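From just these sequences and the hints, can you work out the full model?
Here the sequence shown is numbered in full-length UniProt numbering, starting from 1 and rising by one per residue.
Honestly, the hints are just simulated from the structure, not real lab data.
Owing to the predicted nature of the structure, the values given are computational and were not obtained by experimental measurement.
One or more hints might be untrue.
Said to hold, decoys possible - Capping the alpha-carbon separation at 30 Å, the derived lysine-lysine pairs in DSSO-like fashion look like this:
| no. | residue 1 | residue 2 |
| --- | --- | --- |
| 1 | K176 | K209 |
| 2 | K320 | K176 |
| 3 | K105 | K134 |
| 4 | K64 | K320 |
| 5 | K64 | K134 |
| 6 | K105 | K209 |
| 7 | K134 | K320 |
| 8 | K260 | K320 |
| 9 | K176 | K64 |
| 10 | K134 | K209 |
| 11 | K105 | K64 |
| 12 | K260 | K176 |
| 13 | K176 | K105 |
| 14 | K209 | K64 |
| 15 | K134 | K176 |
| 16 | K134 | K260 |
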Amino acid sequence: MNDPIAQFEVLFDARGHAGIITLCRPQALNALTHGMINAIRMQIDAWENDPEIDHIVLRSMHPKAFCAGGDIRAVYEMRDGDRAARNSFFADEYRLNARLKHYPKTVVSLIDGILMGGGVGLSAHGDYRVGGAKTLFAMPEVGIGFFPDVGASHLLPRLRTQAVGLYCALTGGRLKQADALWAGVLTHCAEGDQFDQILEALVQESDAKTALARFAVRPSGVAELEPRAQTIEDCFSRDSVEEVLAALDAVSGADAEWAKETAATMRGRSPTSLKVSFKEVHEGASRDFDACMIMEYRILSHILDGHDFYEGVRAVLVDKDNAPDWQPARLEDVESLAIDRHFMQPQEGDLDLR
Numbered sequence: 001m002n003d004p005i006a007q008f009e010v011l012f013d014a015r016g017h018a019g020i021i022t023l024c025r026p027q028a029l030n031a032l033t034h035g036m037i038n039a040i041r042m043q044i045d046a047w048e049n050d051p052e053i054d055h056i057v058l059r060s061m062h063p064k065a066f067c068a069g070g071d072i073r074a075v076y077e078m079r080d081g082d083r084a085a086r087n088s089f090f091a092d093e094y095r096l097n098a099r100l101k102h103y104p105k106t107v108v109s110l111i112d113g114i115l116m117g118g119g120v121g122l123s124a125h126g127d128y129r130v131g132g133a134k135t136l137f138a139m140p141e142v143g144i145g146f147f148p149d150v151g152a153s154h155l156l157p158r159l160r161t162q163a164v165g166l167y168c169a170l171t172g173g174r175l176k177q178a179d180a181l182w183a184g185v186l187t188h189c190a191e192g193d194q195f196d197q198i199l200e201a202l203v204q205e206s207d208a209k210t211a212l213a214r215f216a217v218r219p220s221g222v223a224e225l226e227p228r229a230q231t232i233e234d235c236f237s238r239d240s241v242e243e244v245l246a247a248l249d250a251v252s253g254a255d256a257e258w259a260k261e262t263a264a265t266m267r268g269r270s271p272t273s274l275k276v277s278f279k280e281v282h283e284g285a286s287r288d289f290d291a292c293m294i295m296e297y298r299i300l301s302h303i304l305d306g307h308d309f310y311e312g313v314r315a316v317l318v319d320k321d322n323a324p325d326w327q328p329a330r331l332e333d334v335e336s337l338a339i340d341r342h343f344m345q346p347q348e349g350d351l352d353l354r
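Shown next as structure tokens:
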């Protein structure tokens with residue numbers, strides 16, 4: 001393990017049939033550090049060859065968060081440093097995402113509370129995602145001049161519909177338990193206070209599917225997106241970000257206020273990030289997982305060489321004035337060629353996922 005601090009931020013335990021990974025960085029809502037990413041990768045590599053382990057279980061010690069994302073603040077602080085070192089955090093994170101996607105043993109995530117960004121990359125590509133009543137899913141990256149990554153280009157277009165995935169990508173909209181199950185982010189709902197019992201069942205039993213089925217319950221709370229499914233489909237099945245906004249502006253009736261608020265949210269996001277994310281989701285719909293990860297690394301490399309990401313982090317996480325100076329500031333000023341460049345091979349070459 002390269003980072004000794006990571007020994008305390010992520011814990012590993014092999015019990016019965018389960019290899020248990022526990023995130024325990026509560027002061028940062030389990031935001032992933034580079035050390036945590038590498039530690040998880042090393043451990044699951046070891047467990048692959050352990051005949052006693054039938055499934056991997058990811059969980060959190062924090063009652064309010066599974067994982068709030070990656071340690072973006074640390075990346076921001078490297079903005080003037082070595083480019084390769086800055087990019088290596090994401091390269092290793094993306095390799096871990098791909099490793100989990102292709103892992104030969106069952107991967108189960110027990111989720112309650114915040115599930116965003118890097119936490120989605122840890123959980124969404126496994127076999128089962130069990131959400132408690134406090135589950136809160138979002139991919140809010142466009143709000144800091146970034147883009148939905150960690151495999152989101154593969155995940156989002158494969159939610160209930162591609163339009164639902166685009167809604168998540170372009171707005172950073174937050175899905176509670178009921179909507180997360182409806183959209184396809186979760187595979188099961190369970191009572192959060194039963195997670196210890198679920199874990200014990202996974203320790204005792206080799207068949208995760210059967211064990212999880214015993215604890216599955218109907219979602220608590222009221223779905224907010226599901227009743228608006230047709231409006232989401234109508235507005236987010238358009239051919240450009242501008243057309244999505246025009247469709248939202250034209251909504252009348254019961255969903256008019258929701259559409260107005262959604263459009264206002266989008267208009268506050270980075271115009272470049274909106275257009276990159278729109279193209280990313282459409283491209284990802286026809287690519288396999290590894291191709292999506294290579295595409296995301298291309299986008300990442302160009303985003304980190306640009307302006308909006310650092311300005312977004314400054315405005316939201318550093319100075320906290322929530323007044324980012326996006327460049328360009330208007331959708332109509334974002335050139336198509338500038339967006340296309342994000343999808344070109346970076347100077348250091350494409351990501352090797354091995």
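Hint by hint, here is what the structure shows:
1. K176 / K209: holds, 23 Å
2. K320 / K176: holds, 25 Å
3. K105 / K134: Holds, at roughly 28 Å.
4. K64 / K320: holds, 22 Å
5. K64 / K134: holds, 7 Å
6. K105 / K209: holds, 12 Å
7. K134 / K320: holds, 26 Å
8. K260 / K320: Distance of about 25 Å is within 30 Å: holds.
9. K176 / K64: holds, 13 Å
10. K134 / K209: This hinted pair holds, its Cα atoms lying about 23 Å apart.
11. K105 / K64: With Cα atoms ~28 Å apart, K105 and K64 stay inside 30 Å; holds.
12. K260 / K176: At roughly 21 Å apart (the allowed maximum being 30 Å), K176 and K260 satisfy the hint.
13. K176 / K105: Given that 30 Å is the threshold and the Cα spacing comes to 28 Å, the pair holds.
14. K209 / K64: Status holds; Cα separation ~26 Å.
15. K134 / K176: holds, 7 Å
16. K134 / K260: OK: K134 and K260 at ~27 Å, within 30 Å.
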